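Based on the sequences and whatever the hints tell you, model everything.
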Amino acid sequence: MKILVPVKRVIDYNVKPRVKPDGSGVDLNNVKMSMNPFDEIAVEEALRLREKGVATEVIAVSVGPEKAQETLRTALAMGADRAILVVAEDVEPLGVAKLLAKIMEEEAPGLVILGKQAIDDDSNQTGQMLAALSGRPQGTFASAVEVSGDSVSVTREVDGGSETVSLKTPAIVTTDLRLNEPRYASLPNIMKAKSKPLVQKTPADYGVDVSPRLKTLKVNEPPVRSAGIKVPDVDTLVAKLKEMGVA
Amino acid sequence: MAVLVYAEHDNASLKDATLAVVTAAAQLGDVHVLVAGNACDAAAQAAASVAGVGKVLVANDAAFANQLAENVAPLVSGLMAGYDAVLFPATAHGKNIAPRVAALLDVMQISDILSVEAADTFTRPIYAGNAIATVQSTDAKKVITVRGTAFAKADAAGGSAAVEAVSGNGDAGLSSFVGSEIAKLERPELTAAKIIVSGGRALKDGPTFESTIFPLADKLGAAVGASRAAVDAGYVPNDYQVGQTGKIVAPEIYIAVGISGAIQHLAGMKDSKTIIAINKDEDAPIFQVADIGLVGDLFNVVPELTGKL
Ligand SMILES: Cc1cc2nc3c(=O)[nH]c(=O)nc-3n(C[C@H](O)[C@H](O)[C@H](O)COP(=O)(O)OP(=O)(O)OC[C@H]3O[C@@H](n4cnc5c(N)ncnc54)[C@H](O)[C@@H]3O)c2cc1C
Ligand SMILES: Nc1ncnc2c1ncn2[C@@H]1O[C@H](COP(=O)(O)O)[C@@H](O)[C@H]1O
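Top to bottom, those sequences are chains A and P.
Under our numbering, residues 1 to 247 are what the first sequence spells out, in order.
Under our numbering, residues 1001 to 1309 are what the second sequence spells out, in order.
Keep in mind the hints are simulated off the structure, nothing from the lab.
Be careful, since some hints might not be right.
Restricting the straight-line Cα-Cα distance to at most 30 Å, the calculated cross-link-like pairs of lysine-lysine (DSSO-like) are [stated by the list, open to error]:
| hint | chain 1 | residue 1 | chain 2 | residue 2 |
| --- | --- | --- | --- | --- |
| 1 | A | K230 | P | K1153 |
| 2 | P | K1141 | A | K230 |
| 3 | P | K1184 | A | K230 |
| 4 | P | K1273 | A | K20 |
| 5 | P | K1153 | P | K1273 |
| 6 | P | K1273 | P | K1184 |
| 7 | A | K102 | A | K2 |
| 8 | P | K1141 | A | K240 |
| 9 | P | K1219 | A | K230 |
| 10 | A | K16 | P | K1204 |
| 11 | A | K16 | P | K1280 |
| 12 | A | K240 | P | K1308 |
| 13 | P | K1308 | P | K1273 |
| 14 | A | K218 | P | K1204 |
| 15 | P | K1204 | P | K1308 |
| 16 | A | K32 | A | K215 |
| 17 | A | K242 | P | K1280 |
| 18 | P | K1153 | A | K218 |
| 19 | A | K242 | P | K1153 |
| 20 | P | K1219 | A | K242 |
Have a look at the derived ranges for each label pair, beta carbon to beta carbon [stated by the list, open to error]:
| hint | chain 1 | residue 1 | chain 2 | residue 2 | range |
| --- | --- | --- | --- | --- | --- |
| 21 | A | L28 | P | G1029 | 34 to 40 Å |
| 22 | A | V15 | P | F1299 | 40 to 46 Å |
| 23 | A | Y13 | P | F1177 | 32 to 38 Å |
| 24 | A | R225 | P | G1170 | 45 to 51 Å |
Just so we're clear, the structure is a prediction, and the values are computed from it rather than from any experiment.
Virtual Cβ for every residue (Gly too), placed ideally from N, Cα, C.
And the structure:
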């Protein structure tokens, strides 16, 4: 079977985001951008399934600016076979899910593996929405994925522990951090990735309206916490705790 | 405005997370609560006693026993003919179902709201809480998840809502529940605790974590949390994790022990009332948000502190 892996180009997770002074958004000028960390895990999981012989082809997809090519090249360098870029900026999860549903119709993958959340908008929606739009089952926040025949068993991280569900394929899976440790692309593979197929599309090619439904009125800094005091020793800390009514 | 709240429950009782959602929903309009489950009349009764709830809809069906999103989402989207908004707790459970409902309704969900500014306008954290966006929804119906720490809990008693049975389409035949492993907690639950003691990578290993952090937590009647590094290294189970991708907490007192203060960790705890940090590195970023900092080796400081409390 084929596996489709949607990957998003986002601010690198090591960078501290800065709110623009005019409150219009977060400043992404000259900021390091990378593949969303959860999506690296999704690519890794797809590659492992291919290496196990479960999958035959891994297709990376991104919806984003032209520069999202870099993110797709990273996926190709990790080992994905080919890539699709849908060029469109600032598409909301609902729009991304609609595009992915169309690509699912074209490619007929057995699994779509997404990240559980993009670390820029922190929406945690796209996979679940894709599952609804395609009428397929979902295994969200996966910490283990096992394919057998035409079903996939997904262990999910839930509050208080984990649960396991069995889904009929095609199925949608979203990754949690502990699913696997993504590989690094080796230099030869980075070179090889340059010649792997990457096609460019637009939302119009799929007949999908991606106009936003949410208007961002403003973006503010959160209330800043200022550093407090340092206490010299445990006795002073105990006294402070007593002042607060504990101990 | 007619507002539906999706209750989180275990068929027998209502989860606390539901109470904060009721508070958020009451800021929008008249609150009805949906309890979807199997043999869940006790949970429905608990929902009916929550102050401010006008009506409880109860959907009893074997297909809803484990609230699989494939089965429950069509039930909710079907009920939305009679409602303007549906609110879910932003818990693992709510986050699983809500977007599926939103897509069935062709609505863009508003995730993890911190406040209700107007009937169509909300604030929500983005970039791991490093920015707060004010967003206005242009959709006719709203699908919302609510950050529990941002709203007071509605009173679990005092209400006397009518309970009405509803039914859905049953089993969608796409998925089945295999089993779960839910850890038994001997301490307060993280998201409900007044005090939390959290340990990081510095705790070395599971037994060291337990012998260092647990006695302090027990002295304080506190819940135990952890950084991702501590969880990944296997010191404690994953549901101890506090942060962007773990639990969001806002206790009265948060004590971070041997935690550096990565932005992803801060995202989960920086709304705590008082933050106390114990770290041997005086330049650790955690001290930039701590109200009280103590620079020292935790293996000396923590046992001494536990002893003196
Ligand atoms: C997408 C993504 C999501 C993430 N989500 C989360 C999340 O939800 N929660 C989370 O916590 N992290 C998360 N992380 C990881 C985060 O970036 C950090 O790696 C992690 O928080 C570090 O954990 P730590 O502070 O325990 O370890 P470290 O950063 O290694 O810090 C250990 C600290 O202990 C101190 N120390 C060492 N020995 C002693 C001693 N004897 N006494 C006192 N102090 C000592 C050190 O000075 C240091 O400050 C995420 C990362 C990514 C990429
Ligand atoms: N623009 C995009 N392009 C490709 N994949 C995306 C995009 N946005 C979201 N996704 C996928 O959906 C997951 C969840 O994102 P979100 O719902 O935005 O938090 C991500 O981890 C990606 O796998």
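Going through the hints against the structure:
Distance hint between A:K230 and P:K1153 is unfulfilled; the C-alpha atoms sit about 34 Å from each other, more than 30 Å. Of the supplied pair hints, the one linking P:K1141 and A:K230 is violated, its CA atoms being roughly 50 Å apart against a limit of 30 Å. Taking the CA atoms of P:K1184 and A:K230, the gap is about 36 Å. The hint is violated against a cut of 30 Å. Between P:K1273 and A:K20 the alpha-carbon distance is near 27 Å, which keeps this suggested pair within the 30 Å criterion.
Restraint check for P:K1153 and P:K1273: the C-alpha separation of about 17 Å stays at or below 30 Å, so the hint holds. For the given pair, P:K1273 sits about 27 Å from P:K1184 by alpha-carbon distance, which is consistent with the 30 Å threshold. Distance check on the hinted pair: A:K102 and A:K2 sit about 15 Å apart at the alpha-carbon level, within 30 Å; holds. As the CA atoms of P:K1141 and A:K240 are separated by approximately 49 Å, the hinted pair breaks the 30 Å bound.
Taking the CA atoms of P:K1219 and A:K230, the gap is near 23 Å; set against the 30 Å cutoff, the hint holds. Simply put, A:K16 and P:K1204 have alpha-carbon atoms about 28 Å apart, close enough for the 30 Å limit, and the pair holds. Taking the CA atoms of A:K16 and P:K1280, the gap is near 24 Å; set against the 30 Å cutoff, the hint holds. Pair hint A:K240 plus P:K1308 holds up; C-alpha atoms about 12 Å apart against a cutoff of 30 Å.
Only pairs whose Cα atoms come within 30 Å are accepted, and P:K1308 paired with P:K1273 is accepted, the gap being roughly 23 Å. For the proposed pair A:K218 and P:K1204, the alpha carbon gap of about 43 Å is over 30 Å, so the pair is violated. Annotation: proposed proximity of P:K1204 to P:K1308 holds, straight-line Cα distance about 24 Å (limit 30 Å). Simply put, A:K32 and A:K215 have alpha-carbon atoms about 26 Å apart, close enough for the 30 Å limit, and the pair holds.
Note on A:K242 and P:K1280: the hinted pairing holds, with a Cα-Cα distance of about 23 Å set against a maximum of 30 Å. Only pairs whose Cα atoms come within 30 Å are accepted, and P:K1153 paired with A:K218 is accepted, the gap being roughly 28 Å. For a cut-off of 30 Å, the pair hint linking A:K242 to P:K1153 stands: about 27 Å separates their Cα positions. In summary, the hint linking P:K1219 to A:K242 is supported, as the alpha carbons are separated by about 13 Å, within the 30 Å threshold.
For the pair A:L28 and P:G1029, the supplied restraint of 34 to 40 Å holds, since their beta-carbon distance comes to about 37 Å. Restraint check, A:V15 to P:F1299: a C-beta distance of roughly 33 Å breaks the suggested window 40 to 46 Å. Checked against the hint of 32 to 38 Å, the pair A:Y13 and P:F1177 passes, with Cβ atoms roughly 33 Å apart. Checked against the given bound of 45 to 51 Å, the beta carbons of A:R225 and P:G1170, roughly 49 Å apart, stay inside it.
The structure shown violates the earlier hints numbered 1, 2, 3, 8, 14 and 22.
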